[in-house]
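Chemist: Below, each chain spelled out in residue letters.
Protein chains: 4
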Amino acid sequence: MPDTKAQPVLGVKELNTYIAEVYPQIIEQFPHYRVTAVEPERVLLELGTDENHIRAGGTISGPTLFAFADMGGYACVLSHVGREALAVTTNLNINFMRKAEPGVLAGECRILKMGKRLMVFDIAITLKGDDAIIAHATGTYAIPPKG
Amino acid sequence: MPDTKAQPVLGVKELNTYIAEVYPQIIEQFPHYRVTAVEPERVLLELGTDENHIRAGGTISGPTLFAFADMGGYACVLSHVGREALAVTTNLNINFMRKAEPGVLAGECRILKMGKRLMVFDIAITLKGDDAIIAHATGTYAIPPKG
Amino acid sequence: MPDTKAQPVLGVKELNTYIAEVYPQIIEQFPHYRVTAVEPERVLLELGTDENHIRAGGTISGPTLFAFADMGGYACVLSHVGREALAVTTNLNINFMRKAEPGVLAGECRILKMGKRLMVFDIAITLKGDDAIIAHATGTYAIPPKG
Amino acid sequence: MPDTKAQPVLGVKELNTYIAEVYPQIIEQFPHYRVTAVEPERVLLELGTDENHIRAGGTISGPTLFAFADMGGYACVLSHVGREALAVTTNLNINFMRKAEPGVLAGECRILKMGKRLMVFDIAITLKGDDAIIAHATGTYAIPPKG
Numbered sequence: 000m001p002d003t004k005a006q007p008v009l010g011v012k013e014l015n016t017y018i019a020e021v022y023p024q025i026i027e028q029f030p031h032y033r034v035t036a037v038e039p040e041r042v043l044l045e046l047g048t049d050e051n052h053i054r055a056g057g058t059i060s061g062p063t064l065f066a067f068a069d070m071g072g073y074a075c076v077l078s079h080v081g082r083e084a085l086a087v088t089t090n091l092n093i094n095f096m097r098k099a100e101p102g103v104l105a106g107e108c109r110i111l112k113m114g115k116r117l118m119v120f121d122i123a124i125t126l127k128g129d130d131a132i133i134a135h136a137t138g139t140y141a142i143p144p145k146g
Numbered sequence: 000m001p002d003t004k005a006q007p008v009l010g011v012k013e014l015n016t017y018i019a020e021v022y023p024q025i026i027e028q029f030p031h032y033r034v035t036a037v038e039p040e041r042v043l044l045e046l047g048t049d050e051n052h053i054r055a056g057g058t059i060s061g062p063t064l065f066a067f068a069d070m071g072g073y074a075c076v077l078s079h080v081g082r083e084a085l086a087v088t089t090n091l092n093i094n095f096m097r098k099a100e101p102g103v104l105a106g107e108c109r110i111l112k113m114g115k116r117l118m119v120f121d122i123a124i125t126l127k128g129d130d131a132i133i134a135h136a137t138g139t140y141a142i143p144p145k146g
Numbered sequence: 000m001p002d003t004k005a006q007p008v009l010g011v012k013e014l015n016t017y018i019a020e021v022y023p024q025i026i027e028q029f030p031h032y033r034v035t036a037v038e039p040e041r042v043l044l045e046l047g048t049d050e051n052h053i054r055a056g057g058t059i060s061g062p063t064l065f066a067f068a069d070m071g072g073y074a075c076v077l078s079h080v081g082r083e084a085l086a087v088t089t090n091l092n093i094n095f096m097r098k099a100e101p102g103v104l105a106g107e108c109r110i111l112k113m114g115k116r117l118m119v120f121d122i123a124i125t126l127k128g129d130d131a132i133i134a135h136a137t138g139t140y141a142i143p144p145k146g
Numbered sequence: 000m001p002d003t004k005a006q007p008v009l010g011v012k013e014l015n016t017y018i019a020e021v022y023p024q025i026i027e028q029f030p031h032y033r034v035t036a037v038e039p040e041r042v043l044l045e046l047g048t049d050e051n052h053i054r055a056g057g058t059i060s061g062p063t064l065f066a067f068a069d070m071g072g073y074a075c076v077l078s079h080v081g082r083e084a085l086a087v088t089t090n091l092n093i094n095f096m097r098k099a100e101p102g103v104l105a106g107e108c109r110i111l112k113m114g115k116r117l118m119v120f121d122i123a124i125t126l127k128g129d130d131a132i133i134a135h136a137t138g139t140y141a142i143p144p145k146g
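Residue numbers (numbering that gives the first Met the number 0), protein chains in the order written: chain A, 0 to 146; chain B, 0 to 146; chain C, 0 to 146; chain D, 0 to 146.
No lab work stands behind these hints: they were computed from the structure. You may find that some hints are simply not true.
Since the list gives no way to pick out one identical chain from another, each pair is judged satisfied if it fits inside one copy or across any two copies.
Claimed, not checked - With a straight-line cut-off of 25 Å between C-alpha atoms, the simulated SDA-like cross-links for lysine to any residue are:
(1) 115 / 24
(2) 98 / 3
(3) 145 / 56
(4) 115 / 45
(5) 127 / 47
(6) 4 / 98
Source: prediction; values computed, not measured.
Using the sequences and the hints, build the whole thing.
Modeler: In C-alpha cells:
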C-alpha cells in the first residue's frame, strides 16, 4: 500500500520564522515557544513556562495550555498547507487531566484529516521527559480558499 | 412551581476582588477584565481588548477568547460556590464563529448544571452592543471536596 | 436596527415530511420524533422515548440523546438552507447533566452561526414540561456547495 | 522507570459478557458489536454495520459512530475499574472526518486519564483494514463512588 499521508511543505526552521513574523503577539507572550519537528501528518513543539503562566494553586493555567494546543494546530496547518497565516481555528475541545508545575511543555500533534477546507488535529501535552498527559485537545482549522 | 435555581453567594464586587487576589496573572494579562453582574445561574462579564490580544489578520485571537470563556466559568463557580480558588476546568469546548476587531468583549454565562462535584456552564461572547456571537463555549469545572 | 436573523425556508410540516423521506432509518429507530416549531434561527423538536432508549440504570441512553441533538442540528440546517439532505455533521460536543427516565424529550435549538459553508447550533434537552436540562450539545454542520 | 499504566481487571470475554448483560438495548441495536482486545490503558473493539446504520447519502450515520465511540469509553472504564455498570458519560466530543459505506468499524481506544472519579479516553474509528480515520472522539466517564 502506498504511503498516502499528507506531506509537509515547510520545515522546522521556515515554520518557526514564519510564525514569529505573522503572529508576534504569541511570541511576546510565550517567548519560549518553538516547533521542534515536522513530519508527515505530525508536528512536535515545546513551550517553556514560568510564573507568568500559572494560576491559583501554582499550576500551569488553562489559557496557557489552550494557547499551546492552538499553536500546535496552527503549526500543523502551516507546515502542510504553506504560508496561509489566515487559517483560523473554528473549534477546539480541550480536556485538562493533571496539574503541572511550570516547566517545559512538550506537544505531540497528529493531523487526523488534511482536507481542502478543513484540517482536524489532536495534541497530547506532557511535561518534557514525562509520559503523563497533562492536557489533550482536538481542534479544527479552516483553510482560506486558494487565490 | 418554586424557583429551584442555584443562588449566588458572592456579589459582583466581592467576586472581582477575589479573582484579582487569587489569580493576579490573568489580571496582568487582561487588565480590562471585570464581572459586571451576578444573578442566579447567570453571570455577565466584560474584557477590553487591544493590540496585545490580536492575531494574524488583525482579529481577536483564539487564546484571548478562550481565556475570557474560561474566566466566565471561573466567575460562575466562585459566585455560586464561594471562595474556592482551586476549582479547575476539566473540559472546555469552544467554537469560533466570527472575526472581530479589538474592542470590548461581552460575555453572557449560564450555569447549566450546578452539582456538588461538577459545574457545567456555557458562554456566548459578543462585542459589547452587538448581538452577533463571536464565539461560544461550553465547559466543566471540578469543585474541590469540602473540608 | 433591522432584524438580521437568518429566515427559515421550510416550515414544520415540510421539514418533518422531508426528514422522514431522506432519513427513514432515524424514523424507524425513533418513531416518536418530530419538529414542533421553526422560527428564525430557532427550532423546537420532541422525541418520545421508551424502553428501547434506556441504558443500565433505567435512564435515557447517551446514544439516544446524541441522536436527538444531532437531529436538532439537521432540522436547523434543513429548515434554513432548504432540502440539502447531504448536509453532514462535522463536530458535535455533548454534555450529559442529569439522568432522566423515559418520557418525551423536548429540544430547543439555536442557530449560533448560519454561514455559507458551516452552520453552528446548540441544543438544550429537557423532559417536556420540566426546566432542568438533561443534556446540552453544540455542533457544526457542513453545507454542500451549491450547484 | 516502572510501568505506571493502569492495569485492566476484566478480560475480553468477561467484558463482552457483562456489557451484553447490563446493556441489552445496545446489543439489540448493534448485534455485531464486540470488544476484541483489552490491554493496559488500551481497548480495541469492532462493530459490523448494515443498512440500519446509514443516513442520507448511504454513509454510516453520526448516531452510529457516536454510539460506537461511547461504547468504547464504556469498555475502557469497565475493563479497568470492574463491573460498574452505572459509570456514565459526562462529556463526549466527536469529529466526523470521512464518509464511509457500511462495513466493519474498528475502534482503537486509549485511556488518557484513569482517575478515581473521572476517566478520560479517546477513540479513533476506521473501517477495519483501512488506516483512514472516519471519526475521532474524546470523552469522559464519571465513576460511581465505591460502596
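Chemist: Now, for every hint given, state plainly whether the structure supports it.
Modeler: Hints, one by one, checked against the model:
no. : hint     : verdict
1   : 115 / 24 : neither (28 Å within a copy, 30 Å between copies)
2   : 98 / 3   : between (38 Å within a copy, 17 Å between copies)
3   : 145 / 56 : between (46 Å within a copy, 16 Å between copies)
4   : 115 / 45 : neither (28 Å within a copy, 30 Å between copies)
5   : 127 / 47 : within (10 Å within a copy, 35 Å between copies)
6   : 4 / 98   : between (34 Å within a copy, 18 Å between copies)
Figure legend: structure checked against the earlier numbered hints; hints not met, in rising order: 1 and 4.
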